[in-house]
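A.B. asks: One letter stands for each residue in the lines below.
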Amino acid sequence: MELEALNWKIAAKAGEGVMSSAKLFAKACKRQGLSVFNYYEYPSLIKGGLQSGQVTASLQGSTCQRRHLDLLILFHEKFIQDHLAEIDERTLIILNANAFDPSKYPDLKSKVVAINLTKIARDQGANPLAANIAALGISACLFEMDLQIIGRVVVEEFAKSKEAATANLKVLQAAFEIALSMVQQGNLQTFGKLISTGVDEQVLVSGNEAVGLGALAAGLQFYSAYPMTPATGLLHFLASKQDEYPLIVKHAEDEIGAINHALGASFAGVRAMTGSSGGGFALMVESLSFAGVAEIPLVVLEAVRQGPATGLPTWTSQGDLNFILGAGHGDFLRVILTPGDVYEHFNLSKLAVELAEKYQLPVLIMSDKYLLESNQTMPKPALLSENVRLSMVNNGQLGETALAEGEYLRYRASENGISLRSIPGQTNALQLTNSYEHDEYGFATEDAVTTKQAVDKRAAKLTSLQNDLPKPLYLGSPNPEKILISFGSTINVLRDVLLDEVASKAAVIHLPCVYPFPTSELETLLEGKNAEIFVLEGTATGQLAKLIQRETSLPKMHSILRYDGRPFYSEDILEFLQTGKISEQYKLI
Amino acid sequence: MTEITLANLMSPVAPTWCPGCGNFSILTALKQALVELGLKMEEVVLVFGIGCSGNTADFIKGYGFHALHGRGLANAIGIKLANHRQKVIMIGGDGDIYGEGLNHLVAACRGNHDLTALVFNNHRYSLTTGQTSPTSAKGTVSKSTPQGLIEDPIGALSIAVSNGAGFVARAYAGKLKQMVDLIKAGILYEGFSLIDVQQPCPSFNKEQDYAWYQANVFDLPADYDANNRGQALVTLLDQDKLGLGVLYRNDQHVAYHKEVPCLQNASLIEQFPKKTDLSKALVEFV
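Here the protein sequences line up with chains A and B, keeping their order. Quick note, the first sequence lines up with residues 1 to 589 if you use our numbering. Quick note, the second sequence lines up with residues 1001 to 1286 if you use our numbering.
Calculated directly from the structure, the hints in this document are not laboratory data. The beta carbon of each residue, even a glycine, is placed where N, CA and C say it ideally should be. What you were told as hints is all true, and nothing was included just to trick you.
Pulled from the structure, derived: some chain B residues nowhere near chain A, Cβ distances all over 10 angstroms:
no., residue
1, L1039
2, G1155
3, K1175
4, D1181
5, K1184
6, A1185
7, L1188
8, Q1214
9, F1218
10, N1227
11, L1233
Calculated cross-link-like contacts (lysine to any residue; reagent style SDA-like; alpha-carbon spacing at most 25 angstroms):
no., chain 1, residue 1, chain 2, residue 2
12, B, K1280, A, E244
13, B, K1040, A, Q397
14, B, K1087, A, H251
15, B, K1274, A, A239
16, B, K1258, A, D254
17, B, K1274, A, A402
18, A, K505, A, H68
19, B, K1274, A, M392
20, A, K380, B, F1285
21, B, K1274, A, S391
22, A, K160, B, E1284
23, B, K1280, A, E156
24, B, K1040, A, G396
25, A, K358, B, Q1271
26, A, K241, B, K1258
27, B, K1258, A, S240
28, A, K170, B, F1285
29, A, K241, B, F1285
30, B, K1275, A, E201
31, B, K1275, A, A239
32, A, K241, B, L1282
33, B, K1275, A, Q242
34, B, K1280, A, S240
35, A, K241, B, L1278
36, A, K162, B, V1283
37, B, K1274, A, D243
38, A, K162, B, F1285
39, B, K1275, A, P381
40, B, K1275, A, Y245
Pulled out of the complex, with its shape left as it was, chain A reads as follows (with noise of 0.2 angstroms):
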């Protein structure tokens, strides 16, 4: 029988290496071309807790993790009260143990299976942490996956130490006939054959890799940053690209120095970027008013997790939306771009950088750890990308520049709101960059007519920038009984959702961009629609309705919300369009 799906987990303590199996898992699906989605679960500790890694994968596009499990992998027997809402009698589970005693769950109706996992690695002479990588043997055994395929991904994860490399795949190799011989004595029984399509043109991205892929592609130099889930992946991803990129990555001193580092720097001409989550971009508001009012052009990844203050460390919101409209003093334009999936990630990182350099204001990307720690399939990005410079004085390049002497102003007046920018460097084209509101030569005024030219000057980029805007998405059903409103990561789950026949009278509108608000583009989708209409947001307080209220002539929305830190699961989604009622994790307003 062959396999067009699946839903795999593995579950550990953090330290033993349910990480790296879960993706190298992926990876394995990704090679027999599938689309993939490998969502995280953890803790915000370092050893102990409860780690989760699943993959789902399918033919037909798997873009969210689901509940329900084909198979369960668990490392310790506490585990399998956790998962209880996940299995049924169709899951199988492994248990890392020598036996399992059912008489203990009389309710389970899962089937488990104890193999010892740590012993199969410890009896090839390997680390007995590469459990992980027996898991992985158990599980394509079961799933009928090409050994050759998933050996490589084992050998390509262990690149640097041909010995351990050489240990692991030994590994997979012996936890896989362990599987085979239970699976011909009848003790185990495979899933079916996954499929394997021969055509493998995409690549494997969490949503942080996205957005550096995206910025690099753009030609960002200049990235610096403080550690801070789930944004510090981004951190990690562009500091090891340092070596083959004309790239500085800078590990600042607090996120007051890191969003200042980048605004220096992209003074100075090259392109940058700064990113945290909620509570450290807090700390970087003030600056972001800067980059507002001396028009230096910024862009700023917000990798929201449930807060408030420290909060949720590790899971997932959307609850800094308000924060995010909102954030800096006084009135000044910004742009908030929230891309649904790991490719969206890609573009609009790479338009963020484009944009902020082309009309010299803060662009902000909002995004959360759902995606930016989750990895997806995404088509390969074109391999070159050309790198032209906005609005810049001599198209950005030092040196003699065509200016008469007392020509240049770096503020001049135009209809467009942009004015050509000079960096330090450039002969005839002095200018002082100024916090303070200024003239057109930067100098600090405090005049009423100036100050007016001046704000009116910035705000007149917006009718130009609009176009330069992702637009809303509209899909599923023209004539719609129910339409779902969303933003940023969770048209993920909504893709899905729109799978299934329960879903056929119902459409899905996704917003990549929600400042400045889609307003027309979104009463246009809407017009003439005899549909109940749901927000669905990551938030308690319904912060994307109350915009939509605020941006648009629509009539006043339902919510279904989501703050417990948990994603929306398309299975939830599903109920909610068939019986009306949604589970209690939800608030339906």
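With chain A's structure known, arrange chain B on it following the hints.
C.D. replies: Frame of chain A; chain B shown alone:
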């Protein structure tokens, strides 16, 4: 490229400082130092803090960056990393650099970033009408401390010396020639140079007027060994008598940008990627 001359540095905006303010002579010294160094107008970036000293931004022409309060050194680090061929000079007050921005001062010292910080130290927050600053003496009565300041003054120069700054000096606004020489030496030093300039504030610091300074400053003796870190720290422990000159200098400490691999042959801005090839970055994701 345009030569730096006093005429070219002249701003159309006239200073708004009080009569007798030490800022006038510090600005004169800064301009003189820039002229004597023979630099070009395009080769210098002046970063300004917020305060009476920061207002210098309007009173001198050049590539200027008028930062937020306390953050100028963090910006200066970014500017230098983006284009290390520029001379980057930060002008700020004691409240800005030793108070609000202390973490950035420590970072600039630890990295020995090739910047010059010129601290206009008048021991007061004068632009906000005279509250105590981190360098005010214990007991100082001001509008924010009507019962007298309880804290001790900050040992900012000791912090700099003990955290890696390669050039730490003290100047006095009443001694122009020495100021010019110290600013020049600081700019030429390849690494972080901190020049603390003691100055009177005739409006809000009546205690430390010119007469007080004349009685409390002294030139470091000819046999003072600026390369001796321990001696510098001991000298700085005495906060009542203010030794003028280069307190500490370390020519072995390599500037930050010289250790950044990608800056070995060209500045970052000169390496703007007109074409980016993602192939290498994608290898791990295939």
